[in-house]
Amino acid sequence: KAGVTQTPRYLIKTRGQQVTLSCSPISGHRSVSWYQQTPGQGLQFLFEYFSETQRNKGNFPGRFSGRQFSNSRSEMNVSTLELGDSALYLCASRPGQINSPLHFGNGTRLTVT
Amino acid sequence: DQQVKQNSPSLSVQEGRISILNCDYTNSMFDYFLWYKKYPAEGPTFLISISSIKDKNEDGRFTVFLNKSAKHLSLHIVPSQPGDSAVYFCAASAKTSYDKVIFGPGTSLSVIP
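So the protein lines, in turn, are chains A and B. For the first sequence, the working numbering begins at 1 and goes up steadily by one. For the second sequence, the working numbering begins at 1 and goes up steadily by one.
By construction, these hints were calculated from the structure, which means they are not laboratory data. Glycine residues also receive a C-beta, built at the ideal position from the N, C-alpha and C atoms. Do not rely on the hints blindly, as some may be mistaken.
What follows is a set of in silico ranges between Cβ atoms, one per label pair, in the way DEER data are often shown [claimed, not checked]:
1. A/T113 x B/P79: 25 to 33 Å
2. B/S12 x A/N106: 20 to 28 Å
3. B/P113 x A/R73: 41 to 49 Å
4. B/I20 x A/R73: 37 to 45 Å
5. B/R61 x A/N106: 19 to 27 Å
6. A/Q97 x B/N57: 31 to 39 Å
7. B/D59 x A/G16: 43 to 51 Å
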């Protein structure tokens, strides 16, 4: 079974621009979560989608948004990029049952200059 | 406010000895805890979990202990191997919002041959 695929792996953007990151979950997994990883902060929860509905959201500004499609693929968008948005963005999928472990992709490294 | 804390950013252990990684949490609603391991340039991978109805769970060289009254859990690795060198993340979720998994900042483990 193919793992979680995130594209692109690396991205360089300029302050003020917007960016869209993509995530393809493991086949059969209906839940997709997004995390931001920065040094010293660990993984900060952004949001979680299940069957195209956002079920939960972390404490991030409205510039961070996401969506999920009917095939469970997900995208996250960051508008008006700031230097502090530079981070590793990780996507994780799971079947959806309570307490099933998250399966992570290798992430998208975003650098904002 | 960080709900899951890992107060040791790094830990060095000799090969063959025991590695003990600690984690504290503040949210008394958490009832499911997980440990993930992360190598550079890869996403985190699930290692072991424990439900709040247990105080110990073992899987091969890995054992997780949970002390609910102290809101503390620990991961024991015995014996430690050089391939265990990675960043270890403690994570937790609550039954009322199991779709939101909260991670700690991580502990970097180095196992010295």
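These are the hints, each one checked on the structure:
1. A/T113 x B/P79: 25 to 33 Å: violated (45 Å)
2. B/S12 x A/N106: 20 to 28 Å: holds (26 Å)
3. B/P113 x A/R73: 41 to 49 Å: holds (42 Å)
4. B/I20 x A/R73: 37 to 45 Å: Once the Cβ atoms are compared, 40 Å apart, the range 37 to 45 Å for A/R73 and B/I20 holds.
5. B/R61 x A/N106: 19 to 27 Å: The hinted range 19 to 27 Å holds for B/R61 and A/N106, with Cβ atoms some 25 Å apart.
6. A/Q97 x B/N57: 31 to 39 Å: violated (18 Å)
7. B/D59 x A/G16: 43 to 51 Å: holds (48 Å)
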